[in-house]
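With the sequence shown counted from 1, adding 499 to any position gets you this note's numbering.
Hints are computed from structural coordinates only; laboratory data are not their basis.
Predicted model, so just to flag it, every value in this text is computed and none were measured.
Warning: the hint list may mix true and false statements.
Straight line, CA to CA, 30 Å or less: simulated DSBU-like cross-link-like pairs of lysine-lysine [unchecked claim]:
| no. | residue 1 | residue 2 |
| --- | --- | --- |
| 1 | K614 | K557 |
| 2 | K553 | K518 |
| 3 | K516 | K614 |
| 4 | K516 | K557 |
| 5 | K553 | K614 |
| 6 | K518 | K557 |
| 7 | K516 | K553 |
| 8 | K614 | K518 |
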Amino acid sequence: MHVVCRHSFHALAGYIKRKYREDTRHVGPVTFREFVQYIIDLADNDQPFNQHWKPMYKICQPCRIHYDFIGHTETMTEDSRYVLSRLGIDVDLFPHYNVHNSSDRVTEALAQLTKSEMRRLIEIYRPDFELFGYSVNI
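I would like the entire structure built from these sequences, with the hints used as guidance.
Okay, structure coming up:
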């Protein structure tokens, strides 16, 4: 799998569809479940994660770097305004972020997973949930 991670995302999508899709046509985008199966296989086989889906605690190293602030996508507008004001920057000079509530989409995506897949995914990302203040309910 090392070679696959070095290829383009297009090649990675093809790899994921060939490996995890039951439909032999392999058409359409990679589903969330197929992607999760790929992530679980990487973790179970001690393969490296791409920086885009690597657990954040491994990228940000919160045990080595003492952050003053951790923002969340859900509160991006408030978080941005807070940081800018702390830096003494006029917050009105920056755009307002329209972060839409995506909880319905998340619920739909997670409903595709088996309980086993959900448990394994949570296990992989548990440090992120704990460090960044998210609850885990299955």
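For each hint, the structure was consulted:
1. K614 with K557: The hint holds at about 25 Å.
2. K553 with K518: 21 Å, holds
3. K516 with K614: 21 Å, holds
4. K516 with K557: 27 Å, holds
5. K553 with K614: Distance of about 22 Å is within 30 Å: holds.
6. K518 with K557: Since the Cα atoms of K518 and K557 sit roughly 27 Å apart, the hinted pair holds (cutoff 30 Å).
7. K516 with K553: Given pair K516, K553 holds - Cα atoms ~21 Å apart, limit 30 Å.
8. K614 with K518: OK: K614 and K518 at ~21 Å, within 30 Å.
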